[in-house]
Amino acid sequence: MTDAQWEVFSYQSVIGAAVLYFLAMLAYFVELAGLRAVAPDEEVGDRRTAVAGRLGLVLTVFAVVVHFVALVARGLAADPNRVPWGNMYEFTISGTFVVALVFLVATKVWGTEWLGPLVTTFVVAALMAGFLALDDAVLPLPDALNSYWLVIHVVSAVISTGAFTIGALLSVLYLVKSRSTSDRGYLARVPDLPKLDRLSYRMHAFGFPVWTFAVLITGPIWAHQAWGAYWNWDPKEVWAFITWVVYAAYLHARATAGWRGRNAAYLALVGVATLWFNFIGINFFSSSSQHSYAKSTGAEHSLVQRSAVVDVLATVEVAQEVRVVVRADHPRL
Amino acid sequence: MTDLKHRPSDDRQATALPMDLTARELARWSWRQVTSMRTALVLLLLLALAAIPGSVIPQENIDSLAVSQWRDNHPRLAPIWDRLDLFSVYGSVWFSAIYILLMISLVGCIIPRLFVYARALRAKPPRAPRHLQRLPESTSYTCDEDPEVVLTRAAKVIRRRRFRVVRLEGSDAVSAERGHLREAGNLVFHLAVIVVLVGVATGSLFGYKGGVIMFNGEDYGFSNNLTQYDDFAPGSLFDPSVMEPFTFKITDFDVSWITDGRRTGMARDFVAHLDYTTEPGAETQEYDLKVNHPLTIGGTDVFLIGHGYAPVITIKDGDGNVVQSGPTVFLPTNAQTFESFGVIKAPDAQPDQLGLEGTFYPTFAMSRDAEGNLSMPASVFGDAYDPLVSLFVYTGDVGLDDGSGSSVYVLDKSRTTQVMKKDGQPFRMDLRPGDTVTLPDGLGSVTFDGLQRWNKIQVSRTPGSMVALTGVVAALIGLLGSLFIRPRRVWVRARRRDDGTTLVEVARLDRSNGAVPGESTELADIVGSLRGSEKESS
Ligand code: HEM
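Here the protein sequences line up with chains C and R, keeping their order. Note that the numbering used here gives residue 180 to position 180 of the first sequence, counting from 1, and the numbers run on in steps of one. Note that the numbering used here gives residue 422 to position 422 of the second sequence, counting from 1, and the numbers run on in steps of one.
In isolation and in its complexed conformation, chain C is listed as follows:
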């Protein structure tokens, strides 16, 4: 297949995966509706409800497989082939993949299938947002991103993002359940508060060292090679650091101040907010980031502003088939 075909195939797979996640979500909602009046220790009498729950999980498994295919195809669409982490769209499809994958693994290990409705809803929403707002062309990586440290750095950042996100979903569940008095339905069926709290802790305890590795080891090594300084207090770095400190505080609070449950859950939510803000939000507040992928959203705007340049193209021989890809980058390499 040609690069363009791979790219189309990747888009098709992302859409396919999104549809599967959406169907899984619907199945989970059917299950939730069916469970509304069922007490936690009761057998689920209604066959439809039981089947819907299983169906949700099975659809999620299929979705994850298709999602993986989409990622691989995206990498093959680039010339030269590369890891699918060149811009925000690609990070979004990789990040959501890891969230879904971590969910499946946790379900296998700890039986957390009750997280299904939350995870599928999150993944569907994030994929939609990525698709609509962040989509970007398959460009070769700029030289600065062309390093095997990138692979290690991003793999670890994405994995820990997945773990922190699931941990945050568990914390949300904790907070909602702790306010609920219902003895029936979904909330009553999810594990008791101490168990939710503990699972959330585990996710964070797993995510934190991986994040440390990503942000404080591989990040600086790569920054040193690419930009000549291992730490620049660039906005992306600042926020990665803030996230690190908040999660350090989270673990610290649990270990020394004995914060469990509600307070810990709030800290976890603060942590995940800084994490996702760094991923998406900071680009809108600051223009000085050296992380070149941060610019891809800005590029859309300059493409519009620079239509004058595009008009010009027809007059120049070399530029006959040029589709100008304007990057609002600094004149860096």
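These are computed hints drawn from the structure, not numbers from a lab. In this text the structure is predicted, and so the values were computed from the model without any measurement. Yeah, the Cβ is synthetic: ideal placement off N, Cα and C, and Gly gets one too. Each hint should be verified, as a subset may be incorrect.
[What the hints assert, rightly or not] From chain C, some residues computed to sit far from chain R (all C-beta separations above 12 Å):
| # | residue |
| --- | --- |
| 1 | V19 |
| 2 | V61 |
| 3 | L76 |
| 4 | T107 |
| 5 | L118 |
| 6 | A129 |
| 7 | A229 |
| 8 | W231 |
| 9 | V246 |
[As the list claims (entries may be wrong)] Pair by pair, the computed Cβ-Cβ distance ranges are:
| # | chain 1 | residue 1 | chain 2 | residue 2 | range |
| --- | --- | --- | --- | --- | --- |
| 10 | C | R179 | R | R28 | 37 to 45 Å |
| 11 | R | N73 | C | A133 | 43 to 51 Å |
| 12 | R | L168 | C | T181 | 31 to 39 Å |
| 13 | C | A133 | R | P377 | 29 to 37 Å |
| 14 | R | P440 | C | Q5 | 40 to 48 Å |
| 15 | R | T521 | C | A125 | 50 to 58 Å |
| 16 | C | W110 | R | N73 | 24 to 32 Å |
| 17 | R | R83 | C | W110 | 32 to 40 Å |
Let chain C serve as the given structure and place chain R with the ligand on it in line with the hints.
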């Protein structure tokens, strides 16, 4: 579930200020506050909070251009921001205060724990509690064996699981313990945080970072001393005598421009070919300097971080003398098309000083407006397919005589007048390589001889970076220990009962964070091996 559960390891909690203090008590109390767990937590959260402004407000040491723009746009706020150090948050007093307090707190907290840990290492596993059945994980069974036999076997079984096992004097139980390394991990983690800080501080105090824009070619060289840099940012304790005396020149620069497909216009694979010597008189070596592949000489790294065009322009004045020649750096204003802006000054020109200012287009084109008239000139490609430089001319004081040291990239027009055409429009010349244009009013002539390239090279020396890296790696390893090693104790007690049978009680205590009684099968496994080998031996 209680949110604030005090655990025995919370050895330091903030305490209320006692009434009528002596100075000594006050000092003691303050120290307690500083090293309390709650203070550590507050400081950590404060640190996160304090880091935020620097990501939103432009920072002097990251993007000084953005700072000066910001100053211009907010003339009222800027002085206040200056007072608060908001343009250099990470070097500010208040930011430093937070992390220094945190480090003091850390030392005050960790040193005592080191001693506690050293003692705990030598201590024997503690005597079995009287009521083992009250521990969260416990079980019991009866058998016919002699208690001594059971205990001996228990010691063996548990030791095989890599516990430290003792049978205390006069006790009817064995005590076992493992997982000491968890606390070691915790200590290593916290100490390593200090190591990291020391490493980072060393770099910023003793290191330097400098940038230089270099023309390509044999005629231009760089030798590593202060005078050669365009910008130089030393640490506050930097000593110039540590600068390695290397030299280099850029013999050639390659870049490939993608000219077909959708990626057209992107540049990649930048390579600056260097000839360098590590010290005067040393043999010349070659190096291909690329992004992500710095050249390391001793403790100094040389990086390729930018490139651009330098039109070679010759100016003759009204008397026919060459008053300016050679390449001039034009700074890209567009990273894609490399449309660049530059200034050429000829203060020695007669009868009038000359200043040229204008734009360089590597691949020149005119765009058309809606009616099809030619309008905006532009560069449509980064490579130099059809280079053109378009210049306006100024006469008057171009600002080099008075030694004001004005920037070479800016023409101060306050004491100049622009050269105009007869019709009152500004005089503009568009030159392709080889073109010469004669200036009006006998001012002289300008020739565009050809194109040079320049590279922006960054040189930096960050001593202590290996210390910092070692520190983070140690911190990570310590952290893994602290999070995943589970310290736990096991006791086995065997007692002969009145009916002649033996009651064996086994209990386990998991002391790690988030331990759940019954989640681990360790207790069951131990009992299993105990009873399993009972069957074998009977
Ligand atoms: C740079 C600042 C600090 C960071 C990043 C940090 C981070 C952490 C982390 C992530 C943990 C959790 C490890 C675990 O769950 O086992 C932890 C535990 C701990 N920290 Fe800190 N900490 C810092 C400063 C301090 C200070 C100032 C103190 C003392 C006042 C302190 C005392 C402790 C203690 C005693 C524990 C372990 C409690 C236990 O489980 O036994 N830390 N720290």
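Each hint tested on the structure:
1. No Cβ of chain R approaches the Cβ of V19(C) within 12 Å, the least distance being about 27 Å, so the stated non-interface status holds.
2. At roughly 27 Å, the least C-beta separation between V61(C) and chain R is larger than 12 Å, which holds for a residue marked as non-interface.
3. With a least CB separation of 15 Å from chain R, L76(C) remains clear of the 12 Å interface cut-off, as annotated.
4. No Cβ of chain R comes within 12 Å of the Cβ of T107(C); the nearest lies about 18 Å off, and the non-interface call holds.
5. Chain R leaves L118(C) outside its interface by the beta-carbon criterion, the shortest separation being 21 Å against a cut-off of 12 Å.
6. Interface exclusion of A129(C) from chain R stands, the closest Cβ pair being 22 Å apart, more than 12 Å.
7. Distance to chain R contradicts A229(C) as a non-interface residue, since its nearest Cβ pair spans about 6 Å, not more than 12 Å.
8. For W231(C), the requirement that its beta carbon stay farther than 12 Å from each beta carbon of chain R is not met, with the minimum near 7 Å.
9. Non-interface call for V246(C) relative to chain R: violated, since the shortest CB-CB distance, roughly 5 Å, does not exceed 12 Å.
10. Checked against the given bound of 37 to 45 Å, the beta carbons of R179(C) and R28(R), roughly 43 Å apart, stay inside it.
11. Take N73(R) and A133(C): their Cβ atoms lie about 28 Å apart, and the range 43 to 51 Å is violated.
12. Between L168(R) and T181(C) the beta carbon distance is about 50 Å. The supplied range of 31 to 39 Å is therefore violated.
13. Look at A133(C) against P377(R): about 34 Å separates their beta carbons, and that is inside 29 to 37 Å.
14. For P440(R) and Q5(C), the hinted distance range of 40 to 48 Å is not satisfied, since their beta carbons lie about 60 Å from each other.
15. A hinted range of 50 to 58 Å for the beta carbons of T521(R) and A125(C) is inconsistent with their spacing of about 39 Å.
16. Range check, W110(C) to N73(R): Cβ separation about 53 Å, and the 24 to 32 Å hint is violated.
17. At about 53 Å, the beta-carbon gap between R83(R) and W110(C) misses the expected band of 32 to 40 Å.
Checked against the numbered hints given earlier, the structure breaks hints 7, 8, 9, 11, 12, 14, 15, 16, 17 and satisfies all the rest.
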